[in-house]
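Q: Here's the letter readout for the chains.
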Amino acid sequence: METLIIFYFIYSFIAFYFLIMYFLVYIKNKKDIFYTPKTESKRDLTIVIPCYNEQESVGKTIECFLKSDYPYLKKIIVVDDCSKDNSYKIIKKYEQKYPDLVLALKTPKNTGKAAGSKNYGLKFVKTELVGFSDSDSMPKINAITNMIGFFDDETVGGVTSRVLVKNKTNFLESLQSIEYKVIAFTRKLMGFIDSIYVTTGPLSIYRTKIVKDDLGGFDENNLTEDIELTWNVVKSGWRVEMSMNSLVYTYVPRTLKVWFKQRIRWNVGGMQTVKKYLPSIHKCGFLGKFIMPFFLFSWFIGLSGLFVIVYRYSREIFIKYMSAYLSTKSEIAIITFRDLAINPTILFFLGIILFALGLSFMLASLVYSKEKGYSHALHEIFIYSFFYVVLYPAILITSLFNFMRGYNKW
Amino acid sequence: MLLKNKFIFLEALLITILIFVIGIFIGISIENKNNYNSQVFYMNSEADLMDSYILTNLISEEKNCDIVTKETINFANKVYEKSLLLEDYDKFALLMDDLTMLNKRYTLMKTFLWKSNLDNLNCLNNTKMIVYLYNYNTDDLAIEAEQNVWSRLLMQIKQDDKNLILLPIAANLDVSSLDFILNEFNIEKVPAVIVNNKEIFYDLEKKDDLKNIIYN
Chain R
-2 METLIIFYFI YSFIAFYFLI MYFLVYIKNK KDIFYTPKTE SKRDLTIVIP CYNEQESVGK
58 TIECFLKSDY PYLKKIIVVD DCSKDNSYKI IKKYEQKYPD LVLALKTPKN TGKAAGSKNY
118 GLKFVKTELV GFSDSDSMPK INAITNMIGF FDDETVGGVT SRVLVKNKTN FLESLQSIEY
178 KVIAFTRKLM GFIDSIYVTT GPLSIYRTKI VKDDLGGFDE NNLTEDIELT WNVVKSGWRV
238 EMSMNSLVYT YVPRTLKVWF KQRIRWNVGG MQTVKKYLPS IHKCGFLGKF IMPFFLFSWF
298 IGLSGLFVIV YRYSREIFIK YMSAYLSTKS EIAIITFRDL AINPTILFFL GIILFALGLS
358 FMLASLVYSK EKGYSHALHE IFIYSFFYVV LYPAILITSL FNFMRGYNKW
Chain U
130 MLLKNKFIFL EALLITILIF VIGIFIGISI ENKNNYNSQV FYMNSEADLM DSYILTNLIS
190 EEKNCDIVTK ETINFANKVY EKSLLLEDYD KFALLMDDLT MLNKRYTLMK TFLWKSNLDN
250 LNCLNNTKMI VYLYNYNTDD LAIEAEQNVW SRLLMQIKQD DKNLILLPIA ANLDVSSLDF
310 ILNEFNIEKV PAVIVNNKEI FYDLEKKDDL KNIIYN
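Same order as they appear, the protein sequences are chains R and U. When we follow my numbering, the leftmost residue of the first sequence carries the number -2, and every step to the right adds one. When we follow my numbering, the leftmost residue of the second sequence carries the number 130, and every step to the right adds one.
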């Protein structure tokens, strides 16, 4: 058997395994997907919002938190990281208007990363729980309330929300909207097997004692401080939950260039986290012992397979090009029916089943993430399934290259 | 983690293994079927060859060249069609070994046919014939591209004339008898095309030019 086929089999096996696992998790837990524990406890909460050059959105974010129906939200700390625009002025206005609730802070100097502002704001937190949000995120009125009940379980250290896309005006944004729904659904399923690997930036809440006292805040050297913190929390023996009923809307990149840069940052940050926690991976529960090694292995196989595929296709392209050139010279047809003939092989069948499973999973994600008044067009789903996800290997390779050369710029 | 999810990793593993075992079983079955078909094609061709050989020997004594020619063309056409099929099976064989041995046997058969034609040149003098010598499983991309075009070009010429004998023969499968004939023809490199057992071409020609050479 040739190398490419072996790679294909291993990669298919891993893909099948994860998809089937997700389906089994879904089947066994579908009644609990939207479960929100009711609580009588009165846990005080502070929200910390880092901000850098977000004059367009920071006001809206503060407004959303002010409208929250959670009665024990005691403070909204907005930390400006020396913005060059009017962000700080806007934050100050809210502080003046709501002096008991809003606290406007400014870092002594620009920290360059959200982690710096979050850590700065964390110093001022005195409540039992602390939540972090982005300055372009808009939580629904009941988003916080639907998260607090999970803290009645004494083993839970952090709770994350479901993030949906606010801006769906162009095609790329619509594709990201599908992606966010798939990610949210997958994350919830992973929560059932204690394998949530990130508490998202748009809104996540933690026990203050863990983040502030035990872990000393966010790692400022990591590009994705939310992923890093999650691993740190899990490593410390705490569980992480996700509340599907806590909706937070966020703005996503409008252009391919910004989107690509954001994905590189996410992936490099993920790689930094894996590198940091690799020696203590056995302490990270199922996430570390099972899910991560499997992911890493599939990355390795996927990337190696990609190189083999690129090599194979480059060969094919060269042969096709040469054949077409020589056919033209010989004045014969460039392509014939025989060239298009396909015989069914086992790889073909496996590919079809895998694609059907993947598509079903994506459709299930969309069904479970219905947005009122918004549905995705068929062509968006088609493009997402066939082209959007295909861009990921390119992101992975670029991220790996950047990670290896020590890229650490926000 | 909830108790109901405790064995999910194992359950998923078992289901995945089951799917793969079924998948590989189906794959091997398909390829076995193809292998079996190829063997049957070969055995049929072998029987046809024997039949054709005996018939040629019987009737050549009576100098009935029409029947010899007709039989030879029929047999050559059958072998050509089966070779194309074998090529497809070979291309899509992923799990089992490739069909090199069967290709070698076909090469032997085609060499035998070529030799018979050379022996019967007087009788087959008006029959047009192309022997196409190519490399089986070459790693050289330029040669592979050139061979693609040669096979396409010759196939098109063959489609225009059903009575043309086209013998594509893999020249790199260590068949001593073939190597001997190739020495006789002073073949310098492969791919090469021998037209009517006279002219040898190493470089691609235009379709019409090649047709002119074949028929003039």
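Just so you know, the hints here were simulated from the structure itself, not pulled from any lab data. A few of these clues could be false.
[Unchecked claim] Pairwise CB distance ranges, derived in the manner of DEER restraints:
(1) 161(U) x 300(R): 27 to 35 Å
(2) 337(U) x 332(R): 37 to 45 Å
(3) 158(U) x 287(R): 31 to 39 Å
(4) 337(U) x 306(R): 20 to 28 Å
(5) 138(R) x 139(U): 40 to 48 Å
(6) 288(U) x 348(R): 58 to 66 Å
Fair warning: this is a prediction, and the values are worked out from it, not measured in the lab. Every residue, glycine too, gets a C-beta built ideally from N, C-alpha and C.
Q: Which of the listed hints are broken here?
A: 2, 4 and 6
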